[in-house]
Each structure stands twice: as C-alpha cells, then as structure tokens.
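Listed here are the chains, written in short residue letters.
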Amino acid sequence: MINLKTPISEEDIRKLRCGDVVGLSGIIVTARDAGHKLMVEERPQFLDEYLNGGIIYHCGPVVKNENGVWSFVSAGPTTSIREEPYQAAVIESYHLRGMIGKGGMGAKTLNACQHFGACYFHAIGGAGTLIAKSVKEIINVFKLEEFGTPEAFWVCRAENFPVIVTMDSQGESLHERVEKETAENYQRILSSITA
Amino acid sequence: MNQKLSEHIMGLIKSASTDLPPDVEQSLVDARDRELEGSMSFSAFDAILENTKMAREFTTPICQDTGSLLFYIDVPVGTDTDPLKRSIQIAADRATREYLLRPNAVDPITGKNSGNNIGLNAPYFHFHQWERDDFRFRLMLKGGGSENVGTQYKLPDAGLQAGRDLKGIKKCVIDAVFKAQGKGCAPGIIGVGIGGDRVSSYELSKEVLLRKFGERSEDPVLAEAEVELFNQLNALGIGPMGFGGKTTVLEVFCGKYHRHPATFFVTISYMCWACRRKTLILSKGDFDND
Ligand code: SF4
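Note that the protein sequences, when read in sequence, are chains E and Y.
Residue 1 is where the first sequence starts when you use the working numbering, and the numbers rise one by one after that.
Residue 1001 is where the second sequence starts when you use the working numbering, and the numbers rise one by one after that.
Errors might be hidden in some of the hints.
Cross-link-like lysine-lysine pairs, in silico, DSS-like; alpha carbons within 25 Å at most [claimed, not checked]:
{"id": "1", "chain 1": "Y", "residue 1": "Lys1256", "chain 2": "Y", "residue 2": "Lys1154"}
{"id": "2", "chain 1": "E", "residue 1": "Lys64", "chain 2": "Y", "residue 2": "Lys1053"}
{"id": "3", "chain 1": "E", "residue 1": "Lys108", "chain 2": "Y", "residue 2": "Lys1053"}
{"id": "4", "chain 1": "E", "residue 1": "Lys136", "chain 2": "E", "residue 2": "Lys5"}
{"id": "5", "chain 1": "Y", "residue 1": "Lys1167", "chain 2": "Y", "residue 2": "Lys1256"}
{"id": "6", "chain 1": "E", "residue 1": "Lys136", "chain 2": "Y", "residue 2": "Lys1053"}
{"id": "7", "chain 1": "Y", "residue 1": "Lys1167", "chain 2": "Y", "residue 2": "Lys1154"}
{"id": "8", "chain 1": "E", "residue 1": "Lys5", "chain 2": "E", "residue 2": "Lys15"}
{"id": "9", "chain 1": "Y", "residue 1": "Lys1179", "chain 2": "Y", "residue 2": "Lys1154"}
{"id": "10", "chain 1": "Y", "residue 1": "Lys1179", "chain 2": "E", "residue 2": "Lys180"}
{"id": "11", "chain 1": "Y", "residue 1": "Lys1284", "chain 2": "Y", "residue 2": "Lys1004"}
{"id": "12", "chain 1": "E", "residue 1": "Lys64", "chain 2": "Y", "residue 2": "Lys1256"}
{"id": "13", "chain 1": "Y", "residue 1": "Lys1284", "chain 2": "Y", "residue 2": "Lys1085"}
{"id": "14", "chain 1": "E", "residue 1": "Lys133", "chain 2": "Y", "residue 2": "Lys1014"}
{"id": "15", "chain 1": "Y", "residue 1": "Lys1278", "chain 2": "Y", "residue 2": "Lys1085"}
{"id": "16", "chain 1": "Y", "residue 1": "Lys1014", "chain 2": "E", "residue 2": "Lys64"}
{"id": "17", "chain 1": "E", "residue 1": "Lys37", "chain 2": "Y", "residue 2": "Lys1154"}
{"id": "18", "chain 1": "E", "residue 1": "Lys180", "chain 2": "Y", "residue 2": "Lys1246"}
{"id": "19", "chain 1": "Y", "residue 1": "Lys1284", "chain 2": "Y", "residue 2": "Lys1014"}
{"id": "20", "chain 1": "E", "residue 1": "Lys143", "chain 2": "Y", "residue 2": "Lys1112"}
{"id": "21", "chain 1": "Y", "residue 1": "Lys1053", "chain 2": "E", "residue 2": "Lys133"}
{"id": "22", "chain 1": "E", "residue 1": "Lys37", "chain 2": "E", "residue 2": "Lys133"}
Calculated from the structure, these hints are not laboratory results.
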C-alpha cells in the first residue's frame, strides 16, 4: 500500500498508476451535485485552504452530532459520473489533486487529470461503516442549512482512507479497460444466444 | 398510531440497515474466495465483508445510502391500513434521528429534503390482503446508485435483435447488466419483471428481489433461465465495483405477469451487494394496545 497525505504535490500524484492501492490521509472535503454546481458557478473561496493540493470525496454521509461534535456514522462513496460536467473545471480552478468516488468518470475528467496532475481514487461502494472509521475528525462544514446533510461540504481529517487508483495522470482508465474487455465478452455471449 | 407496532418496525429498520442477511453475506464470502488473493477484486470483497462485520458490531448503517424504504405488507382481509402507515412513519422518523437512516426523501420541485424520510409516497407501501390472520412486514432498503441502473425494455428491440421470446428476454438482461458495469455497486442481485404493463413490470422486478438466495422461480422455464443468466452474466467479467473479476452478479430472480397482446416489457431492477431486506411476522396480539 502507498501512503499519501494532503496537500499532495504534483510530482507525487504523477507517480501513481491504475491499480495502485493507496491509503489517503489528511484533509478531504465531501462534495456532491449541489456542491459541484456551486464551485463552478460561484467559485466560493472558503474552500481554497482545504482544496489546494487536496482531495474531494463524492459522498453523502450519515452524520451524527453529539454535544456539538460532528462525526461520520456511515460514509461510503456515491456515484461520481454525476459530477462529470463540473469536475474538470473544479480540478483546474482549485488545484485539486484528486477525487474519491465510485464508478469512475468520463473523458473530460481523465483529460484534466492528465493535464493538471490529478487522480481518480475508487473507494469501495457501500463500505459506509468501514470508511467512516477512517475519518477521524470533522473539521468544518459548509452549506449544511442550504444543501442538507448529504450535499453539504464536510471538511474532514482522514487516516489511511482505503482507495484504489482507477484513473491516473497518464491518461489511463481502468474503467475504460474493463469496459472494453467486458464488451468483447458481451458480444460473445449475445451471439451465443442467437445461435 | 400504535406505539408497540412502531417499536417493532423500528427494530425491523435497524436490522435491515445494519445487519446484512446471512444468505447474502455467505454468497459474498464465496465470491471473495473465488478471486485471486491480493487482486483488486479480492480486496474489494474483503473490504465489503469487513464493512459488513463492523456495521453489525457497531449497529451502524452498512451503507450510508440507506436507500428508499419499500414496505411490502400482507394483512388479514378487512384491515384498515392507515394506522399501520402512521406507525411505520413514526418509526422511520425515529430511525432517521437515531442515524439508522439517512434523510432520503427529497421534493423534486423545491429540492427540499424532508429530513425524516417521510414524504409523498415515502416510505413506499405495497399492501396485500391475505387469508391469514397474522401480519407480514417485508422491508427492502433500495439504494439510489443501484436504482439508477435499473431499466425497462420493450420487445421487439431492433438494436439488440431481441424478439418476443425467451431469447429476447435474456438479451435484455445481459444488455442491462453490461451497461450497468460496476455503477450499481456490483456485484448485483438482478430482478427481472417480464410482461405486465410498464408499472407492474417494474413492480415485479423489485418484488422478486425479496426472495432468498437459491430460491428459484416456481415456473420451471424461468427457473432454468435464472441459472443460465447467472452464468452468462458472471461471464461478462465486470467484477466487484467494475474492477474486473469472476463475480458480477450474486443472484438472478425472474417473475412474469400476463401482458397485453400488443406490449412486451422486460424490466430489470438492480440491487447492489448491500442487499438489505428483512421480514417481520406479527400476530395482532403482538402490537395490540388495547
Ligand atoms: S448502490 Fe447500494 S451499496 Fe452502493 S452506495 Fe448505493 S446503497 Fe450503497
């Protein structure tokens, strides 16, 4: 396992390759649809200190507040492709080094990863409790009232958040590769049915 | 509302959200053991199983997307269902406040989250009268990511060269699972509704997901198709999370309804590996307050 801590340098991110198993530590910010839309349309500055060299996590967590202290109860990844229209612009304008999510992203994001030096990290979809345990502390939250719990920006500190690189800064995408391989199987199976 | 019933339902929600059914878990263990140790797919299954254990141990949601609450309720003939609904809503509200459920009911026009999983058609209720004098509450928590990859086909389908026959049906299922790739949190459990109208076909594709693993369709032709599809879908090689691997689906369940002569729908519902469904059977005395 490779260990990385935010803020991550361009040099370090460019060393990663598809298939690498990584433990991420440091500051991670959750953002989903409402958050991405806001980052592109209004470019709020309150996120700069957390996102420069940082990581966005596509996640809508179950969150608990006990005596004024927030914590994640369950916090697995959500489907990333919904942020495809925004992600490239967010990488560029906030100097992001990566996204964590599930399902992978499209060509525009892959391009931005290659151009600006970023990676897509795949978390295990559904592993809500396991991941919540690697989030040690909630440092801040933005837009909680306006967006609601799942869509708010949760700024958290993680330790060894387990992920796998599935899109790297060399323009490689594991998702594209699997899709190609499975497309061949798909054609073969379909034609075996006709026969 | 009925407080005793609310408490029973609260227990049902807690169990569904935090404790994966044993047949599902066993099938995930088997899937892991088929993969090469150290491979991406092996570690994906390992993380899934570790997560499942932790969720049970800490009584926390297996997945943060605790889904939409779908209740399938069998009641004695002549039961007034409104008080049951109210008791269930109270349980859903409480379960949300106790972090067993994420607030997942959003008004599509205002965008406002109701905050407690109660809203128009939320939770979803499917009542059915039966000839018994006890009550059966079956709860399914259906996540949004897996719901988004569900789809409906209308046969014949020129693109797939799928006609109005069993072969055509199979092609639809294979196409749907191929297109879903890992996006519905593969490996999935595939529900197939055949025939009916558009609505009942979707409904059926979901209801079959309540079956236990290994429980084949009562229709021998469909039972055989389930096994065949299971093998074909796993030969796709999509694997857990779409990382590639030997297990793409854990189960395939088919059901059929008579159709109108002019229509032929094939509907696929995709349930993620976090296949959360639990059953509670109560007799009236279990929750009668008076
Ligand atoms: S598809 Fe299922 S496992 Fe995946 S995030 Fe949604 S509810 Fe969780």
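- Structure versus earlier hints, numbers of those that do not hold, lowest first: 3, 12, 17, 22
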